[in-house]
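> Listed here are the chains, written in short residue letters.
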Amino acid sequence: MANLIGQSFRRKEDYRFVTGTGQYVADIRLDNMAEAAFIRSTYAHARIKSIDRSAALALDDVYAVITGEDLVGKVGLMSEMESHCRLPKHIEDQIKPIMKHNVEPVLATGKVKYVGQNVVCIVAKNRYIAEDAAALVKIDYEPLPAVVDPFEALKEGAPLVQDDLDDNMQAYFHLPVGSWDEAVSKADHVIKGRFTSPRVGSNPIETRGVVASYDNRTDFLNIWSSTQMPFEIRHYVAKLLGLVEQNIRVVAPDVGGGFGPKGGLYPEEVLLAYLAKQLKRPVRWIEDRVEHMSGARHSRDQIHDLEVAYTKDGTILGVKDDFVLDVGAINYFALTCAYNSAAHFRGAYKIPVFDLTCRIALTNKTPNVPYRGAGRPEVVFAMDRIVDMIARELGMDPVEVMLKNIIPAEEMPYSQGMYYKDGGELIYDSGNYPEAFEMALEMSRFKEIRANQEQWRKEGTYIGIGFSSNVEGTGVGPFEGAKVSIDPSGQVILHVGSSSQGQSHETVFGQVAGDVFGVSLDRVTVKNGDTVALGYGAGTYASRSAVNAGSAAHLASVKLREKMLAVAGNVLEIAPEELTMQDGVIFAVSQPEKKITFPELAAAAVPGMRCKVPEGMDPGLEATHYFVPPTVTYSSSVHAAVVEVDIETGFVKIKNYYIVHDSGRVINPMVVEGQVQGGFAQGIGTALYEEVVHNENGQLLTGTYMDYLLPTSMEVPVAVQGEQEYYSTCNPLGVKGVGESGAISTPAAIANAVVDALAPFHVKIDRLPVSPNRVFDLLQDTRSEEVMMPK
Amino acid sequence: MKPASFEYLRPASLEEALQYLADLGEDAKIIAGGQSLIPVLNMRLSTPKYLIDIGRVEGLSYIREEDGYLAIGALTRHVELEQSPLVAKHCPLLLEAVKWIGHAQIRQRGTVGGSIAHADPSAELPCVLAALRGEIVIAHADGEETLAAEEFFLTYLLTSLQPDQMIKEVRFPVISNAAGYAFTEVARRHGDFALVEVAAVVELNENQEIALARLAAGGANPVPCVLESVEDFLIGKTPDDSLLEEAGEMASEGVEPDGDLHGSASYRRSLVKTLTKRALQTAIQRAGGISR
Amino acid sequence: MKTMEITVTVNGKKRTETVETRMLLSDFIREQLRLTGTHLGCEHGVCGACTVLVNGKAARSCLMLAVQADGFAIDTVESLVREDGSLHPLQQAFSDNHALQCGFCTPGFMMTLVDFLQENSNPSEGEIREAISGNLCRCTGYANIVKAVEQASQALAKQGG
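Residue numbers (numbering that gives the first Met the number 0), protein chains in the order written: chain V, 0 to 790; chain U, 0 to 291; chain C, 0 to 160.
Keep in mind that the hints were calculated from the coordinates and are not lab data.
Quick reminder that beta carbons are idealized off the backbone N, C-alpha and C, glycines included.
Any given hint might turn out to be false.
Derived pair list, reagent style DSS-like, types lysine-lysine, alpha-carbon separation capped at 25 Å [to be verified]: (1) V:11 with C:146; (2) V:558 with V:593; (3) V:137 with U:48; (4) V:654 with C:146; (5) C:1 with V:124; (6) U:48 with V:124.
Counterexamples of contact, computed for chain C against chain U with all Cβ distances above 12 Å [claimed, not checked]: (7) 8; (8) 34; (9) 78; (10) 80; (11) 84; (12) 86; (13) 120; (14) 123; (15) 150; (16) 153.
Given these sequences and hints, build the entire structure.
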C-alpha cells in the first residue's frame, strides 16, 4: 500500500544545505582543538635517511611533529579491507586466485612508495602555523628506482614496490567460461584490440577530513570523518590502536560527495584518533586539494588486451580478455574492481564463451580503489568499442551488430555461466535490454541521423551517433542494518547503517518507512552515518543503499508495525488483526472509538508495572533488521551519444545524449533522475577530460585543477532519460541500485559516436580520454583523400 | 594551502608604492587583483617577504582615449573593460578578448596590469597587446618609461620589469571603425587558459584588398607571437580561401610551441593554422561589412 | 604589518576584527567569523565553492586576503534565508528542483547566482550555463541547477527584484 514510494518528494535534508547550515567535517569546532597537517612524499620511491624536526618543533604554537618511527609498536599497520576481500570458496576454486597480502604504515617508515604518501604529521594551533612548521622539517631522501608502468612492474627484475613480496604481481586470476579454442574454431574472424582506461580521481568537491576527540572520563573516542564507511573506520581504528570498538564512535557528518574513494580506511583517520588521545586535546585535519590529488586514492587504470571471435554475420561466439590493473603501491580492495570487470564484461550481450585473465600490478603510485562503476566502465568501454570495430570490419551498422548479440527478453532471467563476486550465480533477474535499445534508437532519432550524415559531411559537418549498453549488479552485500523506533513524541525514528554523501537517504528511506507506518514524510526522521546508532553497518558505495538499507528499513518497519499492533491490541483489548494504522493512529476499523495514538502507544510500551507489551516481547517500540541480499540484483541501461567533431581542432561537442535505464522500482523518481544525470557528468569527465598523469619518475603531473579537468556546466548537457521499471526479484521492495549507471556507458557511447562522426577517416579510438589532441593525432594518422574543406 | 607569512604594506598613492619598491623590491611582490598571485602564495610556490597591496592606490583605475590609444590604468579590472563604452567603440578586439578571460568572478577582481605583468603567453590581454603593437608604461621611483610590447615580454611568465618597477598604464592602439577584428581561442573547457588563441585586425582598401593586417598568436610561443611575416604577406592581396590557407600555413611555421599535457607542439602548431584562418575570415567579414 | 585591524560589513553587520595579514578571506569568514556556509573546495580559484559577494559582486573568497576586504561589504550564503526562517526564492528553487545532492558546492553556486540574477532578470539557458561555468559540481550534472535558476528568475521577477 505505497503512498510515498514512487513520488518525487522534495528532500528533507535540503534546508540546512541551502541555508549554509549543514555540518561538514570542516565545520566542526571543538574547544581546545588543534590542527594537523601532513608532509607527503615528493618521491615515488625513496629511502628515508633522516628527518630533522628540530626547527619545526621550535616554532611557537607547534604541539607535535610525528614521524613513522614514533608509531612503531603503537599503531598497527593498515592492510586489506577484509569485508571486501572475502571470496566464497566456490569462486576461489573456479578462478584459483593468487592474492598477496600487503601492508602500509600510517606514516611511512624506512621508505616512501608513492608521491603523496604520508611521512610526517605536524600538529599546531592552526593550519597556517602547521604549514610553516612543515616547511622547516628537513627530510633526507635517497631516491630509489621507481616503477611506474604496470607492464614494466610485472617484468622480471623490476624494482619491488612491496619489499616482502617476490614480485609486483599483487594478484592474479583466470576465469574461463566455456572453451575459447572451440569458439575460435567455429568463428570466421578473430579481432584483437588493446583498450586503455587511464587513472582518474573521483574528486568530490569536499576533500577528506577528520576530527578526533578523546574523553578521558569515559575513555571514549569521538571521530568525525568525511567517509563512506563509518562502521569500517571504527573497526579498524579499534584494531590498529588496540582499543575496544564500543568505546569509539565514528560519525560521518554531512559528506560532500564520495563516489567510492572515501570508502576505505585512510591513515589520517587512525593517526588523528591516536593523536587525540596522546595530546589530550581534539585534533582536526582538513585535506586541501593539492594533498587530495595524490593523497586521496585514485581509480580505474586498466589495460585490456581483448580478442573476440565472431562469424561473418556479426554473431559473437566468444571473448578472451587479458588485462592488467595498475593498483598503485598497495591493494586495499583485493579483487573488487577486477572481478567486477570480469562479471560485467559481457553486459547485455549473449556471449556464451568468456575467458578472462587478470593481473594486478603494484607500482609506485597512489593506491587505486573503486570509483563509480568500479571496474565496469573500463570493460564496457573495451567491449562496446570492439563491437563497433567488428561492425565496421564487416561493413555493418554497429547498431545492427549490437542488436544481433543482445540478450533477448524471452531469455530472462539470463545466466552468464559464472558467479558474481558475492557467490551467487550470475543470473540477470529482470530487465529487457532489446526494449531499452529500441527506446534509445527512437529517442535519439537514430534513423534520421543516419539518413543525414552523408549530406552533413559534404557540408563539412561531422556528426556521429554512438551506443553503449550495460548491465550492473547492484545492491551487493554483505548486509545493511536499520533500526526503527517510535519516539515518545510519536515521531518515527529510523537509523540506517549506510551513510549519505548526497544520495538523499533522509528522504528516500523516510518514504520507505513512512509507507509501512502509514504516515506522511514529515513524521519520519531518518538518521544515518553514526556507529552509535546500530550494532553493525556496512556503508554507502556500489549502488547498494536503496536495495540494502531500503530493504532493511522496510523490514525493520514491518517488524515494528507488527509489534505495535500487538501492543495496541493489548491496550485496546482487541485482536491485532482487527487493527489498522494510519496517520499516527492505530484504530479498529469496525470500532473506530477503539484507537490509540503513537505517543500513547509509546507510553504504554515503557517498561514497568504498567507496561502493555504482550508477554514474550521486550518493552519499547523498536525493531532492528539486518538485510542480507541473496545476491545482487541487475539494473541496466542503454546510452546513445550524438556528437559533432571539429576535424581541424579535434574538439568533440556533445549535441544530444540519451540514457534509457532500468533501475527497478523507483522510490523517488527525482532522486533517481539526479543520480543518473550526476553519473553521466562524471562519465563525460572520464570520456573527454580526466586523466591522472605521472611522469616516468612517478611524479604527479596533474597536481591541481589547472591540469586535472572536471567538466563544468558548459561541458555537461542534459542526458534525456527514458525509464523502464523491471522490479528486482531479490528484495522485498523490488528496487535496484542506480548510483553508478550514468557513469558506466558514457565513455563507450561517446567514443563510439566520435568514431562514427569520423567514419570517413576510419579512426580507432582505444583509449580515454578522447581529448582534442588525441583526435587530432588520430586524424593525422589516417587522413583520407576525401577530406572536405570545412566552410 | 595557506600562504607563508609576509609583511603587508598598503600604499595609498603611487609614490608611496614606488618608494616601497625602491626600498624592498627584491624581497617584495605586488598584489592587485590577486587572481594569479594568491594561488601561487597558497601553494607556497612564492614566499615574498613583503606584499605590497596596490589595490587602494588612487588614480590607477581609468580608461581614456588619447592620441590614438586606449590608455588603461593598471588597476582597471577586467570587468570594467567588459562594460566600457570606450572599449567597445575604440578597441572592440579587446572587448572580444576579455570575454575569454576565466569566469565572471575572476574578471570581477583581476586587473589589466596584473594580467600583463604575469605574462602568461596563453593569456588574452598580452596577445591583444602584442597584435596591436601596444605599449606598457612602467613606473619607478625615479620616473617612467614606455615600452613596446615586444620589449616587455621576455619569455614564459617573465617580463622586463625590474624589482623596483611596476606597471602604471597599458596602452592599446585604437582600431579604426573601418577595420575588422577577431579574437578566437580554443581551450579545453570554457574559461580555461587558451590552448591557442589568435588576435586579428584587418582593414581593406577600396579594391577589397588587404591594406592593414595585425596578427598575433598566444599559447604557441614563450611570449605572444606577433606573426609579422604573415601580416606582410597579406598586404595588397585579395582575400579568398586559398589565401587564408596559405596565411594559416605560414603562421603555423612562424611559431615555436612547447608541448604540454594539454597540447603537443605539433597540435598547437596546427591550431595556430586553424585559428589564424578562422580569425582572418571573421575579421575580413567584419571589415567588408563596412563598405567604402 | 603581520597583523592588522580591519572593518568589514558582513551580511549587513559591521565587524571589526584583528587578522593576520596572510589570512585568506575564506578562512576569515569560516574560522574567525564562524560562518561555515562558505566552503573550501580547492583554494586555487577554480571550483567556486568559496564564492561570496564582495560589494555585491561574486568573487572567490579563497583568492582574496581578508585585509583586501577592509572597508568592504561581504555577503555570504547565510544572508539569504529570511529572518523568519523562510527561504529566498533561489534557495526554494534549488530544493524544488533537486539542484543539490551533497550540498557542498551549493552555497558557492547560490552566491554566484544572486549576483547574476540581479543583472539578468530573464536569462536564457545558455546564459545561465555560462554564468555558472565557474562553479564546479560533481554530484548533479548541472541540469537541475539550470532548472532551479529558471524558476528562481521567474519568482524574483514576480517579486519585483
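> Hint by hint, say whether it matches the structure.
Hint-by-hint comparison with the structure:
1. V:11 with C:146: holds, 20 Å
2. V:558 with V:593: The given pair, whose Cα atoms are some 23 Å apart, holds under the 25 Å limit.
3. V:137 with U:48: Measuring from Cα to Cα gives roughly 21 Å; hence the hint holds.
4. V:654 with C:146: holds, 19 Å
5. C:1 with V:124: Answer holds: residue 1 of chain C to residue 124 of chain V is near 17 Å, not above 25 Å.
6. U:48 with V:124: holds, 22 Å
7. 8: Given that every Cβ of chain U is farther than 12 Å from that of residue 8 of chain C, nearest at about 17 Å, it holds.
8. 34: Holds, because the least Cβ-Cβ distance between residue 34 of chain C and chain U comes to about 19 Å, which exceeds 12 Å.
9. 78: holds, 18 Å
10. 80: holds, 23 Å
11. 84: Correct as stated: the minimum Cβ-Cβ distance to chain U is 29 Å, above 12 Å.
12. 86: holds, 24 Å
13. 120: The claim stands: residue 120 of chain C keeps its Cβ more than 12 Å from every Cβ of chain U (closest is about 17 Å).
14. 123: holds, 16 Å
15. 150: holds, 21 Å
16. 153: holds, 22 Å
The structure is consistent with each of the numbered hints, conforming to all of them.
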